[in-house]
Structures are given as structure tokens and as C-alpha cells.
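Add chain Y to chain E, keeping to what the hints say.
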Amino acid sequence: MALMSTVPAFAAEQMLFVSQGGAYQKAQTIAILDPAAKKLGITINQDSVPDAWPIMRSQVATGKPTWDVVDVATNFCLRGGEQGIVEKLDFSKIPNAAAMPAEYRSDYSVAYEFYSSVMGYSLKKYPDAATAPKTWADFWDVKKFPGRRSLRNHPLATLEAALMADGVAPDKLYPLDVDRAFKKLEEIKPNITVWWTSGAQSAQLLNDGEVDMVMAWNGRISALVKEGAKVTYTYNQGILQSTSLCVLKGAPNLPTAIKFLNEAVDPVHQANLPMQIDYGPANPKAYDTGVIPAARVAELPSAPANAKAQALMSYAWWTSAAGEAAEKRWLAFTQK
Amino acid sequence: MSAIDPSLRYQRREQGLMLLLASPAVIVIVALVVLPVGWLMGQSFYDGGFTLEHYKRIFSEDIYWRSFLLTFRIAFTVTVLTLILGYPVAYAAAHARRPWDMLILSFVILPFWTSVLVRAYAWLVLLQRTGVANQVLERFGLISDPLALVHNELGTVIATVHILLPFMVLPLYSTMQKIPRELMLAGASLGGGPLHSFLRVFLPLSLPGVIAGLTLVFVLTLGFYITPELLGGGRTIMISMVVSRNVELYNQWGAASAIGVVLLVCVLAIFMLVGRIIPLDKMLGQK
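If you read the sequences in order, they're chains E and Y. For the first sequence, my numbering begins at 1 and goes up steadily by one. For the second sequence, my numbering begins at 1 and goes up steadily by one.
List of simulated lysine to any residue pairs, SDA-like, C-alpha gap at most 20 Å: (1) K336(E) to L154(Y); (2) K189(E) to L154(Y); (3) K189(E) to R235(Y); (4) K328(E) to N251(Y); (5) K328(E) to E61(Y); (6) K189(E) to R329(E); (7) K183(E) to D62(Y); (8) K328(E) to Y55(Y); (9) K336(E) to F68(Y); (10) K125(E) to G131(Y); (11) K328(E) to E53(Y); (12) K336(E) to L70(Y); (13) K328(E) to D62(Y); (14) K328(E) to V247(Y); (15) K125(E) to D145(Y); (16) K39(E) to P95(E); (17) K189(E) to L147(Y); (18) K178(Y) to Y87(Y); (19) K328(E) to S244(Y).
None of these hints come from the bench; they were simulated from the model.
Chain E with its partners taken away, still in its complex shape (with noise of 0.2 Å):
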């Protein structure tokens, strides 16, 4: 866990803002927690973790919690949420969350950046872009698209991914049928060489050609394409995920917080993380800018051309007892 501050040191106003680490929180860092502590004169201390949640619960726990805001998949902001773990936000607040689309905040989160789970390919198997597979249904297609294929080991995505190729359209997702999205991969099941468990492992799995189809994260792929690798995908049914920033309850500093919380999804801001790394920014008005250019944006998982191609992961369904249940359900299913 590194701990940095970022400047200036000298303002009375601090507060302590968790993320993921690597390369990851460095460019944050550049795009975001910078300016964001600079525009509003305050110090942002940072730490970093790979996986906060069990964290959260214990710091809360303990009653004295010392982070404030944490970045991380927004399932766990939901889950907080309910727990009594997560501040409630005041979006009256937060005038530049209130401003952006429902779907992509929630009474205790706000999202803060888009990943999204795409399909890739291998350009050595499926040279011609008019006959490679395009949709999930082709994905599922081993007689047209013979290939070794990989999915993550993980019910997230994966079942929206199957119940697309079954035929359910991308805004009619939710909520999802679990049944039948397992009847689905069933089918799949004896064509997939590897469930894979981290994102390395897809990008290696592609880029080794140990499979030549595999559902993965869209950042994965296009660091693969910028090293030469001969590989692509597309955003076509593409499930579009995002991590959301929220608030430990009973967060030591929590005004200061909450004015970070609507710094950090300002639009320019937001537009500066893209050219930083590869994920989109969160707050669509960051594409109305003109600070990212018109080819990086075409590249971006939340651009609103790809966006529009894409399915919006519910997070609330995750959360719920139906989605709780249909990740206890993974591990038998992939056992057998």
C-alpha cells in the first residue's frame, strides 16, 4: 500500500481517497486527483489497494474509519450501501453528478469511469473483417467460427454475454434469467479451453494463441493492438462496466468528500483520465469538451457511438438476492 499527497501540502483541508493502484491510479492521479485538489485547495492523500472491500467493511467496523472516498467496482458501493457501510450522497451536493444519466449513479454511488467486457479475436484466425464473428451468438457458433475460446471464470458479464447469445437484445437484459443463461453456456462449456481468473491471463491466453475467441476486458485487447499483437475486438454487444466512487460511512472527513465527489466527475477532468489510459470517462459531457480528439474517442468504451452498441451492466440486479444467488451458483457450474 504506497501512501502519497498530493499537493498542496500546506491547505487545512485533507482527506484520504483509496483506488486500485498501477498504472491505473497514476494516471487518476495525473487526469483527476491533481487538478481536482488544485482547483479546490485542498490535500488528497491517497492509498492504494487491489481489493478494498473486505477493507471497507472493517474499517467501518471498527467505528473509526480513516479513508473517505474509495473508487471500486460499483457492485461493492451498492452492496455497501445496504449494508449501512457507504454514505447516502446528497446529490444536491454534487451538481455535476446530478447532471449526469440516472443509470450511472445511485443513492450511494456516483460512477467515476468505464471498462467494458468485449468480445476479442485473433486476426491470424479470423483475418477478414466481413466474415469474423461480430456478436455473441457467433461466439457461440462453433460450427461457423471452428477456434478455441476462453470466459472469465466469473458470472459477471458472462451471463449477460450468454443470454445475448441466445437472443435476448442488449436493453432487455435485465432482469437477467439466470436460467436460462446457464442452459446457455452449458452448451458452450465443452468448447472453452480456459475460464480465465485475471485479466493478464486473457490478454496472454489471445495473445499466445492458446484461443483464438475470448471475452475480455477492452484494455486488455488494445494494449495487445498497440504492441503489434495480431489480434482486435469489437464493442459490439459489448457489457459496458464501470467502477463508481462512494463515501465510508462515518468517513473522517466527509464535506470535503462530497466536494471531491462532484470535482471528480467534472467534465474536463473526466476528459483528461482517456488520455491517460485506456477507459472511457464516466460523465458523458466530458465528450462535449473537446479535449479528447475525434479518433481517441472512437476508441473509448463509454463514447456515445459505442455506448449505443453496448449493454449497461445492472449493477442493482448484481446486488440483489437474485444476482447473490446466480454468483453461488457459478462454482458448481463450472466444477461439473
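Okay, now just chain Y, sitting in the frame of chain E:
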């Protein structure tokens, strides 16, 4: 005045001294083994109050016994394979002259210093479709399609055998080294051929090492996590992986603790069964 025999008093004092000398070890064991295992057991019955919920789940859902079965099957396979591979190596090391014995042992121990994670990835590179093993086999025309050597149970077993081989070789070596050479010569002088002397003299004397090795490898395999996670293709779900998924899924330590307790009970039961056949003191390398 006292009627106590002075020699008995001396004996008592010695016993007390021994106990005192052993106390640091006892304290360490209590603090690091007894207390945590007790804590684990307590948690497995806890969910805001006393509950049998965690155990009910284990005995009612078939994912658990499937994983237990798979874990014990892999542990058994790995143990047998390490014995078959390790015995000749230990034999060679125990009978080689210096510096050859040291050379053999260093080959066994060197990979030991490389992290398990690195070795798992190395096996991935060797065994995958475009990996060295498949390329060599294809070059020699032995196969036309790459074999599925990894992302399954086979890959998991291969890498686990490699990682645990030293745990078989080292106890075997230390036992074999202590077997006097003269015994084999005596066997030969009585007219026994090399195979006969080996089977009747050397093999039985090396059994304590064999049992120590088997026990170590078997128990260690039961807890393997990284290797099946990286090389199992997502479908080789050993019990340690179920433990970690349970922590994620149920947000309760109890759900995971109960699996740990059941595993512990299974292992103890196996040892008791084995202990019936082979006396415990032999198992611990005495005699």
C-alpha cells in the same frame, strides 16, 4: 526426614527441568497452532451466534464433496508420482561419491528456491499449445495436433509433482544414507542377488523415509492453491479455491472455516487409518 527415595527425587527434578526446557517450544505451538485452530473451529460454528449453517451447506451442496474428491485424487496421484520419480533420485544421491551426491541434491534443491508462482508460469510456457513440449513432439512427428497438457488436471498434477519432489527426495535421502552398506554386502555374501537383497534388505529399511515423504507430499498437496488456479483452466477446483470463493461469496469467515475443519478431520482420519497399518513411531522416522 523425607521418606522419598533420593533417586526418585532426582528423577522428578530432571523431569521438571525437561518440561522447563520444552516450554518455549510448547508456547510457540500453543500460540501458532493450537489457538488458531481453536479459533478456526469456533468461527465455523459462528454467524452472529451459534449455527450449524456452514456445515449444513457443506453436506447439502455437491460442489463441496466434488472438490474434496478431486483434491484427494490429485493428492494421491501426486504422491505416487513423486515416490516413483523421487526414489531412484534419492537412491542415486545416497550411493554416489562426492561431489556427485552434492550435485544431485543441488539439482533437487535449486528449484526449491524459485517461487511457486514463477514455476507455475514456467510450466505454462512449457506445456501450452505453442509451448516447448508440444513443439518438440510435433517436430518429431509424434503428434499432429497439440496435446492439451495444461489448463486441466494434468497440467496441475505435472507442476505440483515438480514443486513437491524435494519433499519426497530429502527424507528418502536422509533415511537411505543411514542404511549401512555392509548390510547389502552381507545379503550378497549369503547368496542374494542384487534385486533380492534390495527387496529384502534395502527397501524395508528405507520405509521410514518413504512414509515421511508420502505424508509430507500428500498433506502439502491438499492445500495447493496457486498451481491449480493458474494451470487448472478454471475447472480444476481444489478445496483451497473453494475456501477462498466462500470468503468472497458469503462474506463470512465461518463459511470458509468450516471447510478447513472438515479437511482437517479428513486428514486426521486418514492418518489414523494409516497408523493402524503402520505404527506411528515408524511414521515419524524413529526406529
